[in-house]
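**Student:** The primary structure of each chain is shown beneath.
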Amino acid sequence: MHFKRPGWGKTLGAIGMSLGLILVLAFIVLPLLWMLLMSFKSRTDVMAIPPKIVFTPTLVNYQRLFFGTQKAGYDAVPSDFPRAMVNTIIIAGGATLLSVITGTLAAYALARLHFKGRDFMAFSVLSFRFSPALSIILPVYAIYRRLGLYNTHIGLILIYQTISLPLIIWVVRSYIESIPVDLEQAALVDGYSWWGAFTRILLPLIAPGLAATSVLAFVFCWNNFTFGLLLGAAETHTLTVATSAFVSYEQVLWGVMAAASIVTILPAMVFIFLVQRWLIRGLTFGAVKA
Amino acid sequence: MIRRWLPYYLTLPSFIVPTALTFAWILGLYYSLTDFDLRYGIRNYLGLGNYADLITRSPAFWGSVATTLKYSILAVGLSTPIGFAVAMLLSQLTGLKTRLIRTIMMAPLCISPVVATIMWRIIMGPTQGLLNYGLNLVGLPKLDWLGNPGIALWSLVIIDLWLSVPFVTLIFYGGLQSLPKTPYEAAQVDGASRFFTFRKLTLPLMKPFLMIALLFRAADALNAFDTIYASTKGGPMRATYMLNIYAYDNVIRWKQLGYGLAIMVVTYLIVYAVSKRLMAFWPR
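Heads up: the protein sequence lines correspond to chains Z and U, in order.
Per this note's numbering, the very first residue in the first sequence carries number 1472; after that it's consecutive.
Per this note's numbering, the very first residue in the second sequence carries number 5; after that it's consecutive.
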């Protein structure tokens, strides 16, 4: 029993579909474009009503971000944005590196070896992804203040492990599981040690996935806000904290804020674009293998 | 003999930090039973005093529980069906168009929630914001998106949708791509209607992906902090005052670490109960 749809119904459906998609895409893209435009506007153009689409672009906001001064009490001090950038690179880079080294070994053990408490270990590290960040940060805040880890790069790198480590362990584990174990067993028969089989056979095979997952871990660390806000101060402020600091009660520097946001977004966007094929698997911790 | 201990040698380095943090968390559990004040330290052990106070006396607690739940239900309840619909639309397309749209949809996934919130503050600005200009163009009155207690929570939901719809869409899109072809061919041969195929075939097959999406979304919505902190900080008139903000205020503003941690323990239990329920569907 075949039911033929009338032609106009199909056309109407297609129009509705395209319209829906266009709406969703506009919802996603327009705010971004608007902010990009705003970052190139002068102070008067930013406040113009009706909003200006055509204007003379200026780099004044970016200039102010990197070379300008900001108020600290009654003094004018150099903008702390460049330092925030360096801080973020150190913290996100350090956290990712540490997680990649320790997490890959753990992922190998969790994927290939059978031992007591394996599932418990895997799920306990995953639970960091689902528990409220503040329930970990607040006690750590009290402990860090006592230990002198508050407002240090090391302290932040350690706490950022809660972002990068579950990701590395779970996703790399799922990569290892997707590779047949026979290859390694053959290597073991040929006289390789487990280490030799791991580094010479398995690592080259999972290298692309591992690299992509590291990039993802770096971006997640880069984007984090709460840890830097609560466990860091002026010396260790991250980009996200610095960007949010352009909103204060006495003045909102819309143009500079937009420029800061663009600078914060850009590296993450480039990175994600490079690894987009691996994105879904990373975001769902290996649960969706599309 | 080395084989026997190998798993533990390999996992140990990566578990040092999580173990330490778990101890910190347990210490936090203990702190929540005391009157830990960041200025004076612990003076008294209160037992369940903080919790009793929260439940019986704190005027902000039940309000923030209600706001947290309301926000989470709205955010998850809207992003999941919208994401599903967009994924269905996307899977009908082929070739270059799909790849282009997918790439565009990835943008919000790599943007920090705080930065996205700042972006929306620019768009939702009461005088010069783009959104109000748009309302003005079609002859509607301007709205104070984040300053009006009646709509501030909805504005937060809009910000959340911008961040989460692409995430949900890509999960469902991945799921739809992985569905087996044969049942669909059989359904077509039997002349099943599109609605019937969707209800009896697509939905059941997509259940694991639905659960994954719900698991991540529910946890993220219940734990929402960045977006609220960067926009309303719980205001106006506590219209967006959620559990995380309440705990933050107690600890950072009023120095009441013990009390703030009691709030976080309650939040943790809520998230744990929801996640545990959904975790049962984690595909192995």
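Don't take each hint at face value.
[What the hints assert, rightly or not] Within a straight-line C-alpha distance of at most 25 Å, the following computed SDA-like cross-link-like pairs (lysine to any residue) qualify:
| no. | chain 1 | residue 1 | chain 2 | residue 2 |
| --- | --- | --- | --- | --- |
| 1 | Z | K1760 | U | Q132 |
| 2 | U | K259 | U | P63 |
| 3 | U | K185 | U | K211 |
| 4 | Z | K1760 | U | Y55 |
| 5 | U | K101 | Z | V1500 |
| 6 | Z | K1481 | U | K211 |
| 7 | Z | K1481 | U | S62 |
| 8 | Z | K1481 | U | A111 |
| 9 | U | K280 | U | Y55 |
| 10 | Z | K1523 | U | E189 |
| 11 | Z | K1481 | U | Y55 |
| 12 | U | K237 | Z | S1602 |
| 13 | Z | K1760 | U | L147 |
| 14 | Z | K1760 | U | F202 |
| 15 | U | K101 | Z | I1499 |
| 16 | Z | K1481 | U | K280 |
| 17 | U | K237 | U | K101 |
| 18 | Z | K1760 | U | G138 |
| 19 | U | K101 | Z | F1498 |
| 20 | U | K101 | Z | I1493 |
Derived from the structure by calculation, the hints contain no laboratory data.
**Student:** With a cut-off of 25 Å on the C-alpha distance, tell me whether K1760(Z) and L147(U) pass.
**Tutor:** Roughly 43 Å between the alpha carbons, so the hint for K1760(Z) and L147(U) is violated.
**Student:** Next pair to validate is K101(U) with I1499(Z); report whether the Cα-Cα distance is within 25 Å.
**Tutor:** Holds - the C-alpha atoms of I1499(Z) and K101(U) are around 16 Å apart, at most 25 Å.
**Student:** K1481(Z) and S62(U) were given as a pair; does the straight-line alpha-carbon distance stay at or below 25 Å?
**Tutor:** violated (58 Å)
**Student:** Given the hinted pair K1760(Z) and F202(U), is their Cα-Cα distance within 25 Å?
**Tutor:** holds (22 Å)
**Student:** Below or equal to 25 Å on CA atoms is what counts here, so check K101(U) against I1493(Z).
**Tutor:** OK: K101(U) and I1493(Z) at ~12 Å, within 25 Å.
**Student:** Given the hinted pair K1481(Z) and A111(U), is their Cα-Cα distance within 25 Å?
**Tutor:** violated (32 Å)
**Student:** Hint check: K1760(Z) vs Q132(U), CA-CA at most 25 Å. Holds or violated?
**Tutor:** Measuring from Cα to Cα gives roughly 44 Å; hence the hint is violated.
**Student:** Between K185(U) and K211(U), is the straight-line Cα distance small enough, at 25 Å or below?
**Tutor:** The given pair, whose Cα atoms are some 17 Å apart, holds under the 25 Å limit.
**Student:** Straight-line Cα separation of K1760(Z) and G138(U) no greater than 25 Å?
**Tutor:** violated (41 Å)
**Student:** Does K280(U) sit within 25 Å of K1481(Z), going by the straight-line distance between their CA atoms?
**Tutor:** violated (43 Å)
**Student:** Assess, step by step, whether the Cα of K237(U) is no farther than 25 Å from the Cα of S1602(Z), and give holds or violated.
**Tutor:** holds (21 Å)
**Student:** Checking one constraint from the list: CA of K1481(Z) to CA of Y55(U), max 25 Å. Satisfied?
**Tutor:** Given that 25 Å is the threshold and the Cα spacing comes to 59 Å, the pair is violated.
Violated hints, in rising order: 1, 4, 6, 7, 8, 10, 11, 13, 16, 17 and 18; the structure is consistent with all others.
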